[in-house]
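Q: Following the hints, position chain L against chain C.
One line per chain: the protein sequences are C and L, in this order. The first sequence begins at 1 in full-length UniProt numbering and counts up one residue at a time. The second sequence begins at 1 in full-length UniProt numbering and counts up one residue at a time.
Keep in mind that a hint or two might mislead.
No copy is singled out in the list; a pair is fine if it fits within one copy or between any two copies.
Unchecked claim - Keeping only pairs whose Cα atoms sit at most 20 angstroms apart, straight-line, the calculated SDA-like set for lysine to any residue is:
| id | residue 1 | residue 2 |
| --- | --- | --- |
| 1 | K17 | Q64 |
| 2 | K18 | R36 |
| 3 | K61 | S212 |
| 4 | K101 | N80 |
| 5 | K18 | E62 |
Derived by calculation from the structure, the hints in this document are not laboratory data.
Protein chains: 2
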Amino acid sequence: MDLHILDHRLRVTSIAKKGLVDFTHPLIKLIFLRNRTRCKFFSLTETPENYTVVLDEEGFKELQPSEHLQVESSIWLPLNVVSNGNTSCSSQAVGVTKIAKSVIAPLAEQHVSVFMLSTYQTDFILVKEKDLSVVISTLEEEFNIFKEEGGESVPVHSQEVSNGLQKNGKEDIHPTVHPVLIPLNHFCVMSLDPDTLPAIATTLIDVLFYSSSHKDEGQSSSSESLDCIKFFSFSLIDGYISLVMDTEAQRRFPADLLFTSSSGELWRMVRIGGQPLGFDECGIVAQISQPLADSDISAYYISTFSFDHVLVPEEDIVSVTEMLRHQRKEAAAEF
Amino acid sequence: MDLHILDHRLRVTSIAKKGLVDFTHPLIKLIFLRNRTRCKFFSLTETPENYTVVLDEEGFKELQPSEHLQVESSIWLPLNVVSNGNTSCSSQAVGVTKIAKSVIAPLAEQHVSVFMLSTYQTDFILVKEKDLSVVISTLEEEFNIFKEEGGESVPVHSQEVSNGLQKNGKEDIHPTVHPVLIPLNHFCVMSLDPDTLPAIATTLIDVLFYSSSHKDEGQSSSSESLDCIKFFSFSLIDGYISLVMDTEAQRRFPADLLFTSSSGELWRMVRIGGQPLGFDECGIVAQISQPLADSDISAYYISTFSFDHVLVPEEDIVSVTEMLRHQRKEAAAEF
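Here chain C stands alone, though its shape is the one from the complex (with noise of 0.2 angstroms):
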């Protein structure tokens, strides 16, 4: 297989609830006007706490500084895997699953700390640039590596493995189990054609922009209680629409528009993090993926400012609450 380090330099942000405002102008700007942007790379995910915004340089540039943006201080380059039609691997699961083994849990050994971004297209698996090397050396064995560069793709080997390895070294811990929530909302995850993105502007105008309720705001977003989530998805990557909404929002879409898999399944999501959970810890990804791969359980996993969030096929949503109780019982009974 091959593994595509693609020709993105992407910041992680984040715009506070009420800072939505200040930043219609150019959020607008970079979802409806591609032709004022040179951005490439857009991904936009409202949660309760906070829009997290996950951007190139180009995008980056249209954001002003403000009380409202906290910038992620790391640059992110994404790696996105292909499986070049010789699939060696059985598994009918997609999304973050097909990647469990191959790429998530060799980095985590290796310590470094990735956010991810499925999509409905692929999934993209951020590095800080500064673990690049150890990245490169931590995959190589695995999967042809290829850089993208103005459109061309060159072979690229590590050449500093030690140094690499030095940096994030090979340790035995005991990863930290964070406590998770399941809200019951119903997800899709869905794409559309660009050229009809005009047909659906004001509606996710009124959806991203205008449908929180000031109610929504404050501490809702850490309490257990919650029985439905907001949680809204808009990525538009080299061209390519991806959303993710729950049933409610979907129903203010046109349904001719947004287009879904054939299966057309519905997904419930599963929430990590009591705390938000920081850019520095590893191993978050591989915690849960890693079982969901055992069980070839196909998975969508979008990582944002503060939390993690996994998407599980509805009919598997029993299944995947009794293996992450079960992981929290291990995890107790080490300590």
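A: Chain L alone, transformed into the frame defined by chain C:
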């Protein structure tokens, strides 16, 4: 003929060009999300100087105070002439020309300042609430006057004629003749089915919020050497949409959604005012609409925060220019 005092209490405001970013959120709500606002009267006009926003009190609540927002202190009431079938008027002209002699001239004589807002559908004559009694006593000879209140049209009669006339007393003054600018653009006055507004949303957003280059800002507004003028007007009033734009902007919209009168004529602009006109001077509209009425030339009239704008049929621009030159000479001779 009937004169209706419409059931809207209006504010006249101006947003600085560089402040538009801060007002994108409320303006997009007012333009596109009718279900989220109780605003029934909204007009936005871009000129080289600023954005003039005229809106009712419900809409005004959406605008947060800002150093970039100027608000005229008065409450303005819109009047509307309804020619109920039995038109005694033989004129074929449309727009402000039709009401020049019956409304504009008498109000100017009574020193009532007016703010004009012509749309595709009709011509709104905005008067200050404090002048209402003078307006009624001045116009009730010519019109049956109705006040619209909660969907009902209630006949009104002047009860304080003397008081009203005392306030604004009739004096014989020489009105100021303001310099005019005649830009080279050709304009269209158009409408749109409100149900198809979402279909032009991204184009309209692009034109309104992203088409001013920073180079446009600043001094260019007062320069007489300006060849073409930046002028774009959108209004959504009681469910009716009106758009005024030049042919360059028009080409950016899908040709099949915007419609104009069957004659499809183009209009040229006369901008009135070398210096901002303010809101107290009377007779500015009368000064130009009277001779247009004498020559039976149609005209749309759009006041903005700084200047007034008259649109006349392109085939009449030469005679209008000649007429204005004559008017200036006469004014000069009188002093």
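Q: Indicate, hint by hint, whether the structure satisfies it.
A: Checked hints:
1. K17 with Q64: both (16 angstroms within a copy, 17 angstroms between copies)
2. K18 with R36: Only across copies: K18 and R36 sit 18 angstroms apart there, 26 angstroms inside one copy, limit 20 angstroms.
3. K61 with S212: Cα proximity of K61 and S212: across copies only (18 angstroms, versus 26 angstroms in one copy).
4. K101 with N80: within (15 angstroms within a copy, 72 angstroms between copies)
5. K18 with E62: For K18 and E62, the Cα distance is within 20 angstroms both inside one copy (19 angstroms) and across copies (15 angstroms).
Hint violations for this structure: none, all hints satisfied.
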